[in-house]
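Peer 1: Could you slot chain B with the ligands onto chain A? The hints should help.
Note that the protein sequences, when read in sequence, are chains A and B.
Numbering follows my numbering, with no gaps: position 25 of the first sequence is 38.
Numbering follows my numbering, with no gaps: position 189 of the second sequence is 1215.
Treat the hints with caution; some may be incorrect.
A few chain B residues that face chain A, going by a derived Cβ cut-off under 10 Å, partial list only [to be verified]:
hint, residue
1, Ile1028
2, Leu1038
3, Thr1043
4, His1051
5, Thr1054
6, His1055
7, Pro1208
8, Lys1209
9, Gly1245
10, Met1260
11, Pro1261
12, Pro1264
Just so you know, these hints were derived from the structure itself, not from any lab.
The C-beta atom is built at its ideal place from N, Cα and C for all residues, glycine as well.
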Amino acid sequence: MPMIKVHKETCKGCELCIHACPQEILVMSKVLNKKGYFYAMVEDPGRCIGCAMCALTCPDVAIEVGVQGTRYVLYEY
Amino acid sequence: MIETIFSRPESLREVSTHYCPGCTHGITHRLIAEVLDELGLRERTVGVAPVGCAVLAYNYFNCDFAEAAHGRAPAMATGIKRCRPNLIVFTYQGDGDLASIGTAEIFHAANRGEKFTVIFVNNAIYGMTGGQMAPTTMPNQKATTCPFGRDVETAGYPVRVCEVLSKITTPSYIARVTAAVPKEIPRAKDALRKAFQYQAENRCFSLVEFVSTCPTNWGMNPLKACEWAVSDMMPYYPLGEFKTPDDPLPAGLNLIEGDE
Ligand SMILES: Cc1ncc(C[n+]2csc(CCOP(=O)(O)OP(=O)(O)O)c2C)c(N)n1
Ligand code: SF4
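Chain A on its own, in the form it takes in the complex:
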């Protein structure tokens, strides 16, 4: 199962990952992090396909992607 990890203290809440995720599993938090931003978090980890689009668009490298077993590649470049 693929899974992503959002480092909440690194996130600046730009929301780019929310729109990049083809599975729409990321949402913004309702509470602030230490920097004072609403941060991205995974709402439905079960639907993650490990395509890493969220990590690719994150300007602050706040997202780590790991896989265990199957990973679905969305785009072939």
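Peer 2: Frame of chain A, contents of chain B with the ligands only:
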């Protein structure tokens, strides 16, 4: 066992950048760092930071760095590269830095075919100083020094750096990419990889322009800024490779047989 397939590259230090949320400077930094890691060049790389929002880039990359005066990064990179040709040298410049105050430096560095790599971040505005008009500002785009929009009658049309530099005869690698569209990011990395590879092979000058965003000074949220870059900038700043060192030289040069 969980296998990590995406994490912070070694060439990027574990610090938070000062860039505004959603600014594509961060993505560009990460791509450079990934390429340095993948090509194994980090240990012998020297970056040259510009004046502009990326002025603190030396705090973010895990390689040697120098800080140049406004627009003079190519001059400094020339010096470093000529004294120590085995080093990998890159400059990281904004549009105000490269296309405005530093026009002479970049033009002649490209014309001399200096073997370093330029990363040119074109966000159509002066970010750091608060959103003044840049040579790359789009017609009718509002900026603090053109509150009614850029008037092409008095300010001319936006400068297209890739198109201008690719007309120089000296062989070089010139490409325009973007980090504002997720699907284009792998292609941007590919262009960066080629640019550094050409330098590592000591072949030619290389420049990769990034069509970038400045959500803060454009007055948009990050997503809207990315959409604006696609809808308003990219038709005028088309993506692609403009020149590669394999392109034939123009006719009429009268080179001696066997010369290049
Ligand atoms: C010699 C000199 N002139 C002017 C300035 C003021 N200045 C600082 S940054 C900047 C423009 C930077 O814009 P750009 O290169 O587009 O970078 P961005 O901030 O958009 O990334 C200017 C004009 C300066 N620092 N030095
Ligand atoms: S001012 Fe603009 S270019 Fe500078 S960090 Fe902020 S968004 Fe990026």
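Peer 1: Work down the list of hints and note, for each, if the structure agrees.
Peer 2: To see whether the hints hold, each was checked on the structure:
1. Ile1028: holds, 4 Å
2. Leu1038: holds, 7 Å
3. Thr1043: holds, 7 Å
4. His1051: Hint on His1051/B: holds, closest Cβ of chain A at ~7 Å, below 10 Å.
5. Thr1054: holds, 9 Å
6. His1055: Hint on His1055/B: holds, closest Cβ of chain A at ~8 Å, below 10 Å.
7. Pro1208: holds, 4 Å
8. Lys1209: Constraint on Lys1209/B satisfied, holds at 6 Å.
9. Gly1245: violated, 15 Å
10. Met1260: violated, 17 Å
11. Pro1261: violated, 22 Å
12. Pro1264: This hint is violated: Pro1264/B lies away from chain A, its Cβ roughly 19 Å from the closest one there, beyond 10 Å.
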